[in-house]
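Asker: So you can see what is in the structure, the chains are spelled out below.
4 protein chains.
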Amino acid sequence: MAQEKKISVEELSKHNSQSDLWASINGTVWDLTSFAPSHPGGLSIILEYAGQDASRAYNEVHGPSLASRSLPSFALKGQLDESTVTDEWKSKQVSNLEHTSTPDEKPDLGQILNTYDFEAAAQKALSKKTWAFQSGAANDNLTHAANVNFYRRIFFRPRVMVGVPEPDTSTNILGNKFSVPVFSSPAALAKLAHPDGELAMYRAAHSRGTTIIACNNASFSYGEIRSAIEDQDYPLLYQLYVNKDRKATEKLVKDVSALKPAAILVTVDLPVVGKREADERIQLDAGYQAQKHMAVQSVAGDKKGSGLARSTGSFIDPNLKWSDIGWLKTLTDAPIFVKGVQSAADARKALEHGCAGIYISNHGGRAVDTAQPSILTLLEIQANCPEVLDQMEVFIDGGVRRGSDILKAICLGASAVCLGRPYLYAVGYGEEGVGHLIDILKDELETAMQQVGIRSLSEAHPGLLNTAELDPYVYRGDTHPYARKVVRRQSKL
Amino acid sequence: MAQEKKISVEELSKHNSQSDLWASINGTVWDLTSFAPSHPGGLSIILEYAGQDASRAYNEVHGPSLASRSLPSFALKGQLDESTVTDEWKSKQVSNLEHTSTPDEKPDLGQILNTYDFEAAAQKALSKKTWAFQSGAANDNLTHAANVNFYRRIFFRPRVMVGVPEPDTSTNILGNKFSVPVFSSPAALAKLAHPDGELAMYRAAHSRGTTIIACNNASFSYGEIRSAIEDQDYPLLYQLYVNKDRKATEKLVKDVSALKPAAILVTVDLPVVGKREADERIQLDAGYQAQKHMAVQSVAGDKKGSGLARSTGSFIDPNLKWSDIGWLKTLTDAPIFVKGVQSAADARKALEHGCAGIYISNHGGRAVDTAQPSILTLLEIQANCPEVLDQMEVFIDGGVRRGSDILKAICLGASAVCLGRPYLYAVGYGEEGVGHLIDILKDELETAMQQVGIRSLSEAHPGLLNTAELDPYVYRGDTHPYARKVVRRQSKL
Amino acid sequence: MAQEKKISVEELSKHNSQSDLWASINGTVWDLTSFAPSHPGGLSIILEYAGQDASRAYNEVHGPSLASRSLPSFALKGQLDESTVTDEWKSKQVSNLEHTSTPDEKPDLGQILNTYDFEAAAQKALSKKTWAFQSGAANDNLTHAANVNFYRRIFFRPRVMVGVPEPDTSTNILGNKFSVPVFSSPAALAKLAHPDGELAMYRAAHSRGTTIIACNNASFSYGEIRSAIEDQDYPLLYQLYVNKDRKATEKLVKDVSALKPAAILVTVDLPVVGKREADERIQLDAGYQAQKHMAVQSVAGDKKGSGLARSTGSFIDPNLKWSDIGWLKTLTDAPIFVKGVQSAADARKALEHGCAGIYISNHGGRAVDTAQPSILTLLEIQANCPEVLDQMEVFIDGGVRRGSDILKAICLGASAVCLGRPYLYAVGYGEEGVGHLIDILKDELETAMQQVGIRSLSEAHPGLLNTAELDPYVYRGDTHPYARKVVRRQSKL
Amino acid sequence: MAQEKKISVEELSKHNSQSDLWASINGTVWDLTSFAPSHPGGLSIILEYAGQDASRAYNEVHGPSLASRSLPSFALKGQLDESTVTDEWKSKQVSNLEHTSTPDEKPDLGQILNTYDFEAAAQKALSKKTWAFQSGAANDNLTHAANVNFYRRIFFRPRVMVGVPEPDTSTNILGNKFSVPVFSSPAALAKLAHPDGELAMYRAAHSRGTTIIACNNASFSYGEIRSAIEDQDYPLLYQLYVNKDRKATEKLVKDVSALKPAAILVTVDLPVVGKREADERIQLDAGYQAQKHMAVQSVAGDKKGSGLARSTGSFIDPNLKWSDIGWLKTLTDAPIFVKGVQSAADARKALEHGCAGIYISNHGGRAVDTAQPSILTLLEIQANCPEVLDQMEVFIDGGVRRGSDILKAICLGASAVCLGRPYLYAVGYGEEGVGHLIDILKDELETAMQQVGIRSLSEAHPGLLNTAELDPYVYRGDTHPYARKVVRRQSKL
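Protein chains in written order, with full-length UniProt numbering: chain A, 1 to 493; chain B, 1 to 493; chain C, 1 to 493; chain D, 1 to 493.
Please note: incorrect hints may appear among the correct ones.
[Claimed, not checked] Some chain B residues well away from chain A (every beta-carbon gap over 10 Å; in silico):
#	residue
1	Lys124
2	Arg208
3	Asn319
4	Gln342
5	Lys349
6	Ala356
7	Thr377
8	Pro386
[Said to hold, decoys possible] Under the rule of at most 35 Å between Cα atoms (straight-line distance), these lysine-lysine pairs were calculated in the DSBU-like manner:
#	chain 1	residue 1	chain 2	residue 2
9	C	Lys106	C	Lys92
10	C	Lys14	C	Lys106
11	D	Lys124	A	Lys321
12	D	Lys5	D	Lys254
13	A	Lys128	D	Lys124
14	A	Lys106	B	Lys254
Hints in this document: simulated from the structure, not taken from any laboratory. Every residue, glycine too, gets a C-beta built ideally from N, C-alpha and C.
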C-alpha cells in the first residue's frame with residue numbers, strides 16, 4: 001500500500017518542478033502534479049513548496065482532512081521517513097503569512113465595545129497579507145464605503161411611551177427559531193485569523209442561539225463545521241460556488257445535502273473575482289521571488305493580478321444562468337437562495353425560479369466597484385416589487401456595523417442580516433470573540449428596539465425610519481427616464 | 001439613638017463587603033447594604049467605598065441633604081468617631097474623578113465669546129471622566145453632530161428697512177413672562193462641574209429673567225434648587241424620570257408638586273440608556289480594579305457597558321405608556337409636558353392625552369444614535385400637524401449653539417429652546433459663567449432679530465428662513481411611499 | 001485766534017481723562033471731550049491717546065483733512081509747541097496696529113496670479129488686527145464661505161464655434177460706459193492697508209475704465225477721493241450709512257450731492273453690526289490695558305464685544321424704514337440704490353419705492369451669519385420677480401473671486417458685480433496693485449466669455465449655465481409650504 | 001548651397017537678438033528671426049537660445065524632422081563648423097526642463113496596478129515644469145476634479161446569472177474594428193515624457209488592437225506617427241486646431257488627408273487657452289531671467305500669463321464658426337468630428353452640419369473652469385436629443401480612470417472613450433508603459449462587464465446603471481425655468 005511506503009527527504013526533493021510536483025503535508029507525501037493547476041488558492045503558491053514540506057503553509061489555511069478528501073487516492077505516495085528529516089530541512093518550512101505584530105499587542109476582549117474595535121484589533125494582529133485579503137475591497141473601495149455610509153444616512157423616528165420592558169430579538173426563518181436575525185456572511189479561510197476558524201464561529205453562534213453560513217471556501221469542510229457542536233440537527237446554512245467542473249459541484253451538493261443543511265445559498269455575484277488592489281499590492285511588495293516573477297510576467301499578459309482573492313476564485317463558473325436553478329434543485333432537497341441579488345429585476349427572477357430566498361449582497365464591495373450599496377437595493381425592491389419581501393426570505397449583507405443597522409434592515413423588510421468582515425475580525429479571539437461580537441450586536445439591537453419603541457421584531461416597520469435622504473437615489477424601474485432611450489448604434493460610415 | 005452613637009474607624013472597616021456594606025459620609029456612618037443595588041449611580045461605585053469614608057466622592061456629585069433624604073432611618077448607624085481617624089486613613093479618601101488639568105488653565109470668562117469657547121474651556125478643566133460623561137453621545141455620535149449641523153443648513157432671508165431699534169426677546173410661557181425663551185435642558189449632576197451645580201444655574205437664570213429645568217437626577221433636590229433664590233414664587237420647571245418603582249415616583253411627584261413647579265416634564269426618550277462609548281471607554285481605561293473586574297465579567301454577560309450614564313439610568317421604567325399620563329395627572333396639578341417627542345405622530349398623541357406641551361428632543365444624541373435631528377422633527381410637525389404648534393407649548397433642544405439657532409426654532413413654531421451641554425460647560429465658572437452664557441445667547445438673539453428685521457419674537461415667522469436644503473429630508477406622514485408596503489413576513493418554509 | 005496759540009507738551013498732558021480729553025494730531029491740539037463718545041471708531045481708542053500725541057494712530061486710518069472737517073471750531077485749542085517736544089515724549093507715539101511681518105515678505109506683484117494670491121499676500125503683510133478686521137465675518141463665517149462656494153456649484157454649458165475673436169466686457173450703467181462691470185464694494189478704512197487707501201483704488205479703477213464705490217467710512221472723504229483724478233466728471237459712486245443723528249446725514253448727503261455722484265447707495269443690511277469674533281478676539285488677546293478693561297467690564301454687561309467693527313458701526317441708525325427713501329430723495333438728485341437686499345420681497349419694495357437699483361449683499365457675511373448666499377438671492381429674484389431685473393440696475397457682491405463668477409452673475413441678470421476684500425487686499429500694493437487686480441479679473445472674464453461662446457456681455461443669458469445643483473435651494477415665494485402655517489401661539493395656561 | 005556652408009560658433013554668436021536671431025539645431029544653423037514670433041511654443045523660449053545651440057531644448061519636445069518641415073528654405077544658413085565648438089560652449093546647452101528626480105525613482109512597471117499608480121509615478125519622474133503642464137487644469141481645477149468624481153457617483157445595478165464566460169470588449173467605429181473602445185485623447189508634446197512620444201503610444205495601441213488620436217501639436221508629425229508601424233492602412237485619427245492663418249490649415253489638412261486618416265477631429269473647446277495657474281507659477285518660480293522679465297512686463301499689460309500652455313495655443317483661431325465645417329469638408333474626404341461639444345444644443349448642430357461624430361470634452365478641465373463635467377453633458381444629450389447618440393459616433397473624455405468608467409460611458413451611449421493624462425503618464429515608460437495601461441483598462445473593463453452581467457458591449461444599456469444621484473443635475477433644455485426669463489437690461493437712467 002502506498003499509504004505505508006516510507007519516503008525519504010532525498011526522494012521527495014527530486015520531485016520539485018511543475019511537471020513533477022510532490023510535497024509532504026503533516027507526514028504524508030502527495031503527488032500534486034495534476035491537482036496543482038486547479039488548486040482554488042492558485043498554482044503558484046503550491047509551486048513554492050515543490051519537493052518540500054508544505055505542512056506549515058497548509059495548516060495556516062486548511063483543516064487537516066481537506067487534503068485526503070480533495071486529492072485522488074493515486075496521488076498518495078507514502079509517509080515521510082522521519083528518520084531522514086534534518087533540523088536544517090525542517091527549518092525551511094516557511095509560513096506563507098509573515099506576521100507584523102505579536103498576538104499580545106491586541107487589546108483584551110473586554111476592551112472591545114463595538115465592531116470598529118474588532119476591526120482595529122484585527123489590523124494590529126493579522127499579518128499584512130491576511131489583513132489585505134480580508135479587509136480589502138475592489139478597485140477604489142467606493143461600494144465598500146457606501147455600504148456603511150448609506151446606513152448612516154437613514155434616520156430613526158422613534159415612538160415614545162409604548163412600554164418596551166423586554167425586547168424580543170428572536171425571529172423565525174425557514175422553520176427555525178433564532179435568537180437574533182444575525183448570521184455570519186460566508187467568508188473564505190477563517191483559519192487565517194484563528195486555528196479554530198469556522199469551528200469557533202459555529203460554536204459561538206450556536207451558544208448564542210443563532211447560526212452561521214458555512215462557506216464553500218471555508219478552512220474546514222461543511223461536515224467538519226457541522227461536527228463542531230453536538231446537536232447534529234441544529235440549523236447550519238451552506239454557501240455554494242458553482243465550479244467550472246459541474247461534476248465536482250454535483251458531488252459537493254449531494255455530499256452537503258446528505259447532512260441536511262438548513263439552506264443552500266448559491267453565490268452569483270462573483271462570475272469573476274474583482275480587482276482587489278490592496279491584496280495584489282501585498283503580493284508585489286512581499287518580495288517573494290516566485291510571486292514577483294509572476295507579477296513581472298503579468299506585465300506582458302494578464303493584468304488581473306495575482307492576489308489571494310483572484311487565485312481563490314479561479315474555479316468559479318462564469319457561465320452560471322438562471323436555468324441552472326432547476327439543475328440544482330435536482331441535486332438537493334434543501335431550500336435554495338440566490339446570493340448576490342443587486343436589482344429588483346433579479347429579485348423577481350429568483351421568485352419566478354422558485355427560490356426560497358434571496359440574499360442581497362455586492363460581495364462586501366469586493367465584486368464590481370461602484371455597485372450600488374446593499375441597502376439601496378433593498379429600497380429598490382421595496383419600490384418596485386414589494387411582493388418579493390412577502391413571499392421569500394430576504395437576507396442582506398454589506399455595511400452592517402451596529403445593532404441599529406440591523407434594525408433598519410429589518411424595518412425595511414429583511415428577514416436576516418449578515419456580517420462578513422466583523423466575524424472574521426472577531427474570530428481572531430476564537431469562539432469567545434465571536435460570542436462577544438454577537439452579544440454586542442444583540443445588545444445594540446435590543447437597545448435600539450426599546451428606544452424606537454418596539455417590543456419584538458414583528459413590530460418593525462418602515463414608518464420608524466426617515467429614509468428621505470436616500471429615497472431620491474432609489475432606481476424606480478421601468479419609469480426610469482433613460483431605460484429605453486439608447487440602443488447601441490452601429491457605425492454609420 | 002443611633003444618630004449619636006460613636007463608631008470607630010476599626011468598626012467601620014469591618015463592614016466592607018457587598019453583603020455587609022457600611023460607609024461614612026460627612027461624619028455620619030450608614031449601612032448601605034440594602035440601598036446599594038438600587039443606587040442610581042450604580043452598585044459598583046459604592047462597593048469601592050465599602051468600609052471606608054466616601055465623603056469626597058459623594059460630595060463631588062451630590063448635595064449634602066441627599067443621603068439623609070434618600071436613605072431609610074434604620075440605615076443610620078451613628079457618627080464617625082473622629083478620634084479614631086488617622087492621617088493615613090484619611091489619605092485613602094479618593095476622588096472618583098481624576099483631574100487632568102489644574103483650574104487655572106481655563107481661560108478668563110472675559111475671553112469666552114460663544115458656546116464653543118465654553119466647550120473648549122470645559123474640555124480643559126473637567127476630569128476625563130466627567131468630560132466623557134457630559135460631552136459624549138450614543139454610539140457614533142451621528143445624531144449629536146446632525147443636531148448642530150442641521151441648524152447650520154437653514155439660511156436666513158433677512159428683511160431690510162423695517163426699523164428695529166430695540167429688539168424685544170421676551171416671551172410668555174405657561175402664564176409666565178421670561179426675558180428670553182431659553183432654558184437649560186435637564187441634565188444630571190451639575191456638581192461634577194462646580195460645587196454650586198444647579199444652584200448656580202438657577203440663580204444666574206433668575207438674575208437674567210429666565211429659568212431652568214431642574215433635573216430628576218440633579219446634584220441637588222428640587223427643593224434645594226428652589227431655595228437657591230429668595231423669590232419662592234419664581235417659576236421653576238421640573239423634569240421627571242418615572243421609576244420602575246412607581247410608588248417612589250408617586251411620592252416624588254407629590255413632594256415636588258407641593259412646591260408648585262411651573263410644569264413637570266416627563267422624559268420619555270430614554271426607556272433604556274443609550275450606549276455611550278466614550279463614557280464606557282473611560283471606565284475601562286481608568287484602571288480601577290473594581291470596574292475593570294466588572295468589565296471583564298460583562299464579556300460573558302451584559303454588553304451594555306458600565307459607564308456613568310448607563311448606571312445612572314438603571315432605575316428608569318421602560319414600561320411607561322401613554323395611558324400613564326392620566327395616572328400622573330392624578331398626582332399633580334402642574335402642567336405636564338412630554339419630553340422626548342421625535343415624530344409628528346407622538347406630537348398628536350400628546351395633544352390627545354391633554355398634555356400642556358411637548359419637548360422635542362433626542363436626548364442630545366444620547367439615546368438611539370441616528371435618531372433624526374431635533375429641528376427636522378419640528379419641521380415634520382409643521383408639515384404634518386401644524387395645529388400642535390398652535391395648541392401646545394413646544395420646547396426643543398439639541399444642537400442649539402447660537403442665538404441665530406434660537407431664532408430659527410422660534411420662526412418654525414417653538415415656544416422655547418433649551419441647551420444642555422453649554423449650560424454644564426458654563427457652570428464650571430459658577431453662577432457668573434451661566435449668566436455670561438445667557439448674556440451671550442441673548443445678545444446673539446437680539447443681533448439676529450435686528451438683522452433679519454423683526455422687533456419682537458411675536459413677529460418671527462417661517463418666511464424669514466430658507467429651509468429648502470432640509471425640506472426634502474422631512475418625513476411627510478402617511479403619504480410616505482414605504483409606509484404601508486411592508487409587513488413582516490412569517491417563514492414560508 | 002486759537003489756531004495760533006502755542007500749547008506745550010506739559011499743558012497738553014494735563015488733559016488726559018475722559019472728562020477732559022485733549023490730543024495733538026499732526027501739530028494741532030484738539031479738545032476731543034465732547035466728540036469722543038460719538039467717534040465712529042469708538043471711545044476707547046481715543047482714550048488711549050488722552051493728553052498725548054495721536055498723530056501716528058490717526059494717520060494709520062484717516063486722511064489728513066478729516067479732523068478739521070469733522071470737529072467743531074471750538075474744539076481747536078492751538079498748535080503744539082514743538083520746542084517742548086522731547087525725544088522721550090515722541091517715542092511714546094504708538095501705533096494702534098502691531099505689525100507681524102515686514103513689508104518685504106510680501107510676494108512681488110508679478111507673482112500674483114489671482115484673487116487668492118492677493119489674499120495670501122495680505123495675510124502676510126497686514127497687522128493681525130487689520131487682518132482680523134478685514135478678513136473676518138460674523139459668528140461661524142458660514143455665509144462668508146457659502147458666498148464663495150455657491151458660485152462654484154454653478155456649471156457652465158459652453159457653446160462652441162460661434163466666433164469669439166475679441167470679447168467685449170464693457171457695459172452701460174446709469175448712462176455711463178464702463179470697461180468692465182466690476183466695482184469695489186464700499187469698505188471702510190482702506191488706509192489700514194496702504195497710505196493712499198481709496199485714492200489709489202479710484203485712480204486704478206479710472207485708469208482701467210471702471211470706478212469704485214466710495215464708502216461712508218472711507219479713510220478719505222468723498223471729495224478727497226473725487227479729487228484723486230483730474231476728470232471731475234468721471235462717474236464715482238457713494239455709499240451711505242444713515243446716522244442716528246439724521247441731521248448729520250442730511251448735511252452729508254447734501255455735501256456729497258453737490259459733487260454729483262453717479263449714484264448714492266444706502267446700506268440697509270447692517271441695522272446693527274454683526275458679531276465678528278476674530279476681530280473681538282484680537283482685541284482681547286492684544287493685551288492692551290484699556291481694551292482689556294473694557295472686555296472685563298463687558299462680562300457683566302454688554303456681550304456685543306468691542307472689536308473694531310462693532311465700534312465702527314455704533315452710529316448707524318437701526319430705525320431706518322422704507323418710507324425714508326422718500327426723505328432721501330428730497331435731499332439729492334442722485335439715483336438711489338438700496339444696498340443689502342436679501343429677498344425677492346425687498347427687491348419688489350425697492351422698485352415700488354422708486355429706487356434706481358438694488359445691490360444684493362449680505363455684507364460679505366459680516367451681518368447675520370447663515371444669511372443666504374448672495375447668488376441664491378439673485379436666483380430667488382429670478383424665480384419670483386424677474387421684472388425687477390428688467391426695470392432696475394442690480395449690483396451684487398459676496399463670493400466673487402474669479403472672472404467666471406462675474407460672468408455667472410451677469411448671465412443671471414446682474415448689471416454689475418462688486419468685490420470687497422479682494423480690493424482691500426490689492427490696495428496693499430497701492431494703485432498698481434488695484435490695477436493688477438482689475439486686469440486679472442478682466443482677463444479672466446474675457447477668457448471665460450470666449451470659452452462659453454459670447455462676444456459681448458449683452459449676449460450673456462441663463463442658458464449658458466447649469467444651475468441645477470442650486471435650483472432646489474431657491475426660495476419659491478408664497479408657494480413655500482411653511483409660509484402660512486405658523487402663527488406664534490400665546491400661552492394657553 | 002547654404003546647406004553646405006560651414007558656420008563657426010563665433011559667427012553664430014553674433015546673431016543673438018530678437019531682430020537677428022540664429023540658432024543651431026542638431027548641427028544645422030537656422031535664421032529664426034521671422035519665425036520666432038509665430039512659434040507655437042512662444043517667442044520667449046526661442047529668445048533664450050539666440051546665437052546659441054538649441055538642440056537639447058529642441059529635442060526635448062520635437063521630433064527631428066519638424067524644423068526642416070516647418071521652416072522656409074531661406075532660413076537655412078548652413079552647417080555648424082564642429083571644429084569651432086569648444087567644451088565650454090557645449091556645456092552651455094541647457095535643458096528647458098529641470099529634473100527633480102532621477103529616472104530610477106519610478107516604480108517598476110510591474111508595480112503599476114491602475115491609472116492612479118501611473119499618475120503617482122509620473123509626478124515623481126517628470127520635471128516640475130512638465131508635471132505642471134501635463135497635470136494642471138484651469139483656475140481652481142474644479143471641472144478637472146468633477147470630471148472624475150461624477151463617474152464615481154454613478155452606481156452599477158449588476159444582473160446576475162446571465163452567463164458571462166468570455167466578455168467581448170471589441171467595437172466597430174467608422175468601419176474599423178477595435179479591440180477596446182479606448183483611445184488616447186489628443187495631447188501635445190508627448191516627447192516631454194519620453195523620447196519616443198507619440199510613436200510609442202501608437203505602436204502600443206496598435207499592438208493591442210486599438211489606436212490613438214494624433215494631436216496637431218504632437219512632438220511628431222502625423223506622417224511620422226503613421227510610419228511608426230508597418231501597416232500603413234491601420235486606422236489612425238487626427239486632431240486639428242484651426243490656425244488663425246487659414247492657409248496654413250488648408251495645407252495641413254490636405255497633407256494629412258493624403259495619408260487617409262480614419263477621421264479628423266476639429267477641436268472647438270479652446271478658442272483661447274485657459275488659465276493654467278500651476279503652469280504659470282512654474283514659469284514665475286523657475287527664476288529664468290527671460291521669463292521673469294516677461295512676467296514683470298505682464299503686470300502692466302496682459303494678465304493671461306506666460307505658461308507653456310498659454311504660449312502653445314496662441315495660433316488657434318478664436319473666430320471658428322459652424323459654417324467652417326463646410327469649408328473643412330472641401331479640404332478632405334475624411335469623416336469630420338467636432339471635439340469639445342459641451343451641450344445638447346451643440347450636439348444637435350453638429351448633426352445638422354453633417355459631422356460624422358462629436359467628441360464630448362471640456363479639454364480635461366483645461367478650458368473654462370466650472371464647465372460641467374463631461375459625463376453630465378452625455379446625460380444632457382440623452383435627456384434632450386437622444387437621436388444624436390443613434391446617428392453619430394460619440395466620443396467622450398474627461399475623468400475616465402477605470403474600466404468601470406468606460407463601461408458607464410458606453411452604457412449611456414458613447415461609442416468610445418478617450419483618456420489624456422493617463423496616456424501621457426504611461427508613455428513615460430515608453431511603448432511598454434502604454435501597452436500596460438491599455439491592458440489594465442481592458443482587463444478592468446472585462447471584469448466590470450462580467451460582473452454587471454453582459455457578454456459584449458452591444459448589450460450595454462442605461463438600465464445597468466443607477467444615475468439617480470446625477471439626474472437632478474442634468475440640464476433639461478428649454479423647460480429650464482430660467483431659460484427665457486432674463487434679457488439684459490439697458491441702463492434706464
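Asker: Does each hint hold? Answer for all of them.
Answerer: Going through the hints against the structure:
{"no.": "1", "hint": "Lys124", "result": "26 Å, holds"}
{"no.": "2", "hint": "Arg208", "result": "32 Å, holds"}
{"no.": "3", "hint": "Asn319", "result": "5 Å, violated"}
{"no.": "4", "hint": "Gln342", "result": "5 Å, violated"}
{"no.": "5", "hint": "Lys349", "result": "8 Å, violated"}
{"no.": "6", "hint": "Ala356", "result": "16 Å, holds"}
{"no.": "7", "hint": "Thr377", "result": "8 Å, violated"}
{"no.": "8", "hint": "Pro386", "result": "18 Å, holds"}
{"no.": "9", "hint": "Lys106/C - Lys92/C", "result": "28 Å, holds"}
{"no.": "10", "hint": "Lys14/C - Lys106/C", "result": "43 Å, violated"}
{"no.": "11", "hint": "Lys124/D - Lys321/A", "result": "47 Å, violated"}
{"no.": "12", "hint": "Lys5/D - Lys254/D", "result": "34 Å, holds"}
{"no.": "13", "hint": "Lys128/A - Lys124/D", "result": "26 Å, holds"}
{"no.": "14", "hint": "Lys106/A - Lys254/B", "result": "53 Å, violated"}
Taken one by one, the earlier hints fail for this structure at numbers 3, 4, 5, 7, 10, 11 and 14, listed in ascending order.
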